[in-house]
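Produce the entire structure from the sequences given, and follow the hints as far as they go.
Quick mapping for you: the protein sequence lines, in order, are chains A and B. Here the numbering used here is used: the first residue of the first sequence is 1, the next is one more, and so on. Here the numbering used here is used: the first residue of the second sequence is 1, the next is one more, and so on.
Keep in mind that the hints were calculated from the coordinates and are not lab data. A quick note: this is a predicted structure, and the numbers were derived from the prediction, not measured. It is possible that some hints are incorrect.
What the hints assert, rightly or not - Result set (SDA-like, lysine to any residue): computed pairs, CA atoms no more than 20 Å apart in a straight line:
hint, chain 1, residue 1, chain 2, residue 2
1, A, K224, B, A94
2, A, K224, B, E53
3, A, K113, A, Q141
4, A, K113, A, L238
5, A, K224, B, Y23
6, A, K224, B, G56
7, A, K224, A, G207
8, A, K224, B, Y29
9, A, K205, A, Q194
10, A, K205, A, E193
11, A, K224, B, A22
To be verified - What follows is a list of derived Cβ distance ranges for each label pair:
hint, chain 1, residue 1, chain 2, residue 2, range
12, B, L115, A, A33, 24 to 32 Å
13, B, I57, A, K224, 17 to 25 Å
14, A, G217, B, I57, 32 to 40 Å
15, B, I106, A, A65, 34 to 42 Å
Said to hold, decoys possible - Computed footprint of chain A on chain B, listed as stretches where at least three residues anywhere in the stretch have a Cβ under 8 Å from a Cβ of chain A:
hint, segment
16, 9–21
17, 87–96
All C-beta atoms in this analysis are idealised placements derived from N, C-alpha and C, irrespective of residue type, glycine included.
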Amino acid sequence: VEKPQWRRGRSGHHVGVTTQRRTLLLVFGGVFAAAAALAVALVLVSRGGGDTSPNGTVVRATVLAGIPQAGVTLGNPAAPALTEYADLQCPYCGEFDRVVLPSVIRDYVRTGKVKLVFRGLAFIGPDSTKALQAVYAAGEQDRLWDVLDGLYAVQGAENSGWVTDDLLRQVGERVPGLDADRWLGATDSDAVEQQFVAASDAAAKHGVSSTPTFFLGDRRLDLKALTPAGFRRAIDPLLGE
Amino acid sequence: VSDRPLRVAIALLAAVGAGIAAYLTWVHYEPGALVCLRGSGGCERVNSSRYAELAGIPVALLGLVTYVLVLASALVRSLAAAAAASALALAGLAFAGWLVYVQASILDAWCPWCLASDCVLALLTAACLARLLRAAP
Chain A
1 VEKPQWRRGR SGHHVGVTTQ RRTLLLVFGG VFAAAAALAV ALVLVSRGGG DTSPNGTVVR
61 ATVLAGIPQA GVTLGNPAAP ALTEYADLQC PYCGEFDRVV LPSVIRDYVR TGKVKLVFRG
121 LAFIGPDSTK ALQAVYAAGE QDRLWDVLDG LYAVQGAENS GWVTDDLLRQ VGERVPGLDA
181 DRWLGATDSD AVEQQFVAAS DAAAKHGVSS TPTFFLGDRR LDLKALTPAG FRRAIDPLLG
241 E
Chain B
1 VSDRPLRVAI ALLAAVGAGI AAYLTWVHYE PGALVCLRGS GGCERVNSSR YAELAGIPVA
61 LLGLVTYVLV LASALVRSLA AAAAASALAL AGLAFAGWLV YVQASILDAW CPWCLASDCV
121 LALLTAACLA RLLRAAP
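This is the structure:
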């Protein structure tokens, strides 16, 4: 097979073939090594950050302090319901909790404009189920939002087995007013199971297919950006009507 | 004999791959816009997974950059460009292989868009290597 014209030497002679091959190998190896190194570096960087936030729970205790909780709700029981559908392993749900939720609580829950309602889904895997059982069980002591927040603060890699009994106990021990033994003994209670079913039914009814998804009453929030400003832009028009 | 047919094939495949990657990058920031096979749920699960980002950069965006670079290489009649594109496509394919493993073993969920991109990338890599081997001294 004849080589393409652009590959041939000017005079048609294959001058310096060895040098050309060496150059080719150098380009090929260099680009491959650079791409591989970049991929490995990015993987290492992304593994290194964000898994734990030791002070998160302490900070959040202040965010939640003094706001009434009842089961899955946070805030004034008479206020309109802002329902969050979330999976404890979903990174965006964790990001929402860490980045956006404090401002939502400050601006909308403390002011009585809305009450937050948590609807947990467990579609990512076994760790989702175990974490969600713990969260719902905390609702029986009206500490759901504290445990939820504590778990998001230490959110681990999906389905890595990060939701261990030890981790749950550590999270629970930081929650003021939570009876950790009673809490951990109630993770497979009928009440917890009923919450699973209720959330699953509500998600199916509203056509929730991804998390986090938010509804003000029956109206879905069109969230363009997972930032405090993005959340305000989504909820303010609905509250203003 | 010109290598034009191969370069055209590479350009077309890279353009298709770039289209898929651009869509996945967009829905990474606009999760509500994601269209997936009915009832599979795999797209959401994979695209909202922590493996969908590396150091804050969407994996789909990395794919988009790769496709665009390979597309650019197809526009250049240079052996070095052919070598660079082959290496880039091969590295991308290896990375895509790891992501397939993540979908199968860790997430237990399949994203059809990602798999379509993987198929395009496999063909693209083959075309790039064919171009390189055919032209190499």
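How the hints compare with the structure:
1. A:K224 <-> B:A94: 33 Å, violated
2. A:K224 <-> B:E53: 18 Å, holds
3. A:K113 <-> A:Q141: 24 Å, violated
4. A:K113 <-> A:L238: 11 Å, holds
5. A:K224 <-> B:Y23: Given that 20 Å is the threshold and the Cα spacing comes to 16 Å, the pair holds.
6. A:K224 <-> B:G56: 18 Å, holds
7. A:K224 <-> A:G207: Given pair K224 of chain A, G207 of chain A holds - Cα atoms ~18 Å apart, limit 20 Å.
8. A:K224 <-> B:Y29: 8 Å, holds
9. A:K205 <-> A:Q194: 16 Å, holds
10. A:K205 <-> A:E193: At roughly 18 Å apart (the allowed maximum being 20 Å), E193 of chain A and K205 of chain A satisfy the hint.
11. A:K224 <-> B:A22: Holds, at roughly 18 Å.
12. B:L115 <-> A:A33: 24 to 32 Å: 27 Å, holds
13. B:I57 <-> A:K224: 17 to 25 Å: 20 Å, holds
14. A:G217 <-> B:I57: 32 to 40 Å: Check passed, 37 Å falls within 32 to 40 Å.
15. B:I106 <-> A:A65: 34 to 42 Å: Given a distance of about 37 Å, which is inside 34 to 42 Å, the answer is holds.
16. 9–21: Coverage by chain A is violated here, the residue count being 0 at a Cβ distance below 8 Å.
17. 87–96: holds (count 7)
Figure legend: structure checked against the earlier numbered hints; hints not met, in rising order: 1, 3, 16.
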